[in-house]
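2 protein chains.
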Amino acid sequence: MDITAFAPASVSNVACGFDIMGFALERPGDTVTVRFSKSPGVSIRSISGNATPLPMDPAKNTAGAPVIAMLKRCGTRAGVEIDIHKGLPVGSGIGSSAASAVAAAVACNTLLDAGLSREELLHFAIEGEKIASEAVHVDNLSPCLWGGFVLVRGYNPIDIVPIPVPENLWCTILHPHLEIQTKESRRMLPKVIPMGDVITQTGNAAGLIAGLMTANFGLISRSLRDVIAEPVRQHFIPGFVEMKNAALGEGALGCSISGSGPSLFALATSEEVASKAGTAMGKVLDTIGCPHSIILSRIGRTGARIVS
Amino acid sequence: MDITAFAPASVSNVACGFDIMGFALERPGDTVTVRFSKSPGVSIRSISGNATPLPMDPAKNTAGAPVIAMLKRCGTRAGVEIDIHKGLPVGSGIGSSAASAVAAAVACNTLLDAGLSREELLHFAIEGEKIASEAVHVDNLSPCLWGGFVLVRGYNPIDIVPIPVPENLWCTILHPHLEIQTKESRRMLPKVIPMGDVITQTGNAAGLIAGLMTANFGLISRSLRDVIAEPVRQHFIPGFVEMKNAALGEGALGCSISGSGPSLFALATSEEVASKAGTAMGKVLDTIGCPHSIILSRIGRTGARIVS
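One line per chain: the protein sequences are A and B, in this order. Adding 428 to a residue's 1-based position in the first sequence gives its number in the numbering used here. Adding 428 to a residue's 1-based position in the second sequence gives its number in the numbering used here.
These are computed hints drawn from the structure, not numbers from a lab. Among these hints, one or two may not hold up.
[As the list claims (entries may be wrong)] DMTMM-like cross-link-like pairs, simulated, lysine to aspartate or glutamate; straight-line CA separation at most 20 Å:
1) K500(A) <-> D485(A)
2) K619(B) <-> E562(B)
3) K488(B) <-> D511(B)
4) K619(A) <-> D625(B)
5) K619(B) <-> D625(A)
[Unchecked claim] Stretch-level coverage of chain A by chain B, calculated; a stretch enters the list once three of its residues show a Cβ under 8 Å from a Cβ in chain B:
6) 436-450
7) 567-581
8) 585-599
9) 621-628
10) 631-638
11) 643-654
Small disclaimer: the values here were computed from a predicted structure and weren't measured. The beta-carbon is built from N, C-alpha and C at its ideal position, and this holds for glycine as well.
One chain only, chain A, in its complex shape:
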């Protein structure tokens, strides 16, 4: 019996929510199929889709590690075989490793008839995310699992708060085809933050939550500002300021770096504005000769799910 799960792309940080906020897209996403195999243990049979080579060793693969952990937890001697289809580009900053880890955990939950809750699945998905980055943050994993917009209130213990979002909220992803090492990008961040910036950041984070929950687009727009990571990380992204201004010029509510980049996200209240923002951002990269791709999607209200 093949069980296939889909898990969507996600945007973490969301300007003012460094390490504590994220939202899911509707598409694209990764698809993971699991089935019982005759031999015990976990094996990866195939990896298809976006072409970056990924480890076939399940212990070193973001989809493999959660399955290994789940089999161990269930105390089963069954063997599981995995097919991975990457709909997401690796290293793009839209939660590629999170999507594979979450899809694998969700599919395996059904295969094993384990009946685990999202909170429990999150802990297994973390095993996959650990492979991709030093410090584990769940601001991609949790929107990928829950869907919609998610606040990670705290990490000790992990406290996930789903936040209602307005109906018509569209996201543009501008993905410059260049590589940023998440670890490197994180190392560049300041270790301490001036008090004035802390006050600005907490005000904006609180404002974004209030804006989302009341569909107050003006407040959302005023809150989508990052005084902590964006000032540093923008220097890794050619044309960042011009792209951001281009998106805002087309009427986007806000624009910042998705996760640790290199992708940018912009939010808009219609598909039309989202599309225009993408085109305008793309033109900036055309000018400097940087290849890129553009994704348009609503905020995805449904997170990871079994598709067959």
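Using the hints, position chain B against chain A.
For chain B alone, coordinates are given in the frame of chain A:
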């Protein structure tokens, strides 16, 4: 014609919202009466109530300064006479100077038939608050004016966001009768904050907003934590840790320092719990021989208003 306005006590910072959050109580508050006088200029005729001596010079008085500024703005040559009744103890950390400034601005708005909005009145009330503290923060002034719970999203320009609060939210104020200089207390605060604490603080600030807006008392409780000001300021308040534990032990949702202290606030979902929390906190101060007073109030949904 006498115009009298009432403005309530308020709690700023609210644990996780340093400089950006505050809420109003129903009572107590300050009362300011204004009337036209025969001679031009502004004069203070009387100050009654809580006994701390306050300046009779209107330019040096938190209720006088807003009236001076409003007369100037209106370009009137009328004279105004002020009576101040202090229901709030000065220097207690529950917005005493804010209440006088706001009550004066609200009363004067009616006396002059100026028709100013709350946003405009806030700017005049700031003239009063400036007298009491070096740096002007509006996290007492704005809940005092608007009522309820208020987020100050940003200061450039000032962006006030009223936040809906659950019906049954009670506040206990424990006021130790000792003096803390706001300026001194502010100087002790760290100038820079470690990144980990910034993430904790933004998560809690965002969580508190979400908790208030969905009447999720568990989330409110988990969010009412301060890793920035409380660790420093608690050392100015004898018995702080014991009082906080006593309040939480009685079932309070959270307990921290009101403004820059010395008062503590605790939040609770019933008058009974609020009362028990107050008694338990008071016992701690009894043990160490520190005189104090206790205030119980619901969160005040109505801010400053004309009462006669």
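Status of the hints after comparison with the structure:
no. : hint                : in the structure
1   : K500(A) <-> D485(A) : holds (17 Å)
2   : K619(B) <-> E562(B) : holds (16 Å)
3   : K488(B) <-> D511(B) : holds (15 Å)
4   : K619(A) <-> D625(B) : holds (10 Å)
5   : K619(B) <-> D625(A) : holds (10 Å)
6   : 436-450             : holds (count 6)
7   : 567-581             : holds (count 3)
8   : 585-599             : holds (count 3)
9   : 621-628             : holds (count 6)
10  : 631-638             : holds (count 8)
11  : 643-654             : holds (count 3)
Violated hints are absent here; each numbered hint is respected by the structure.
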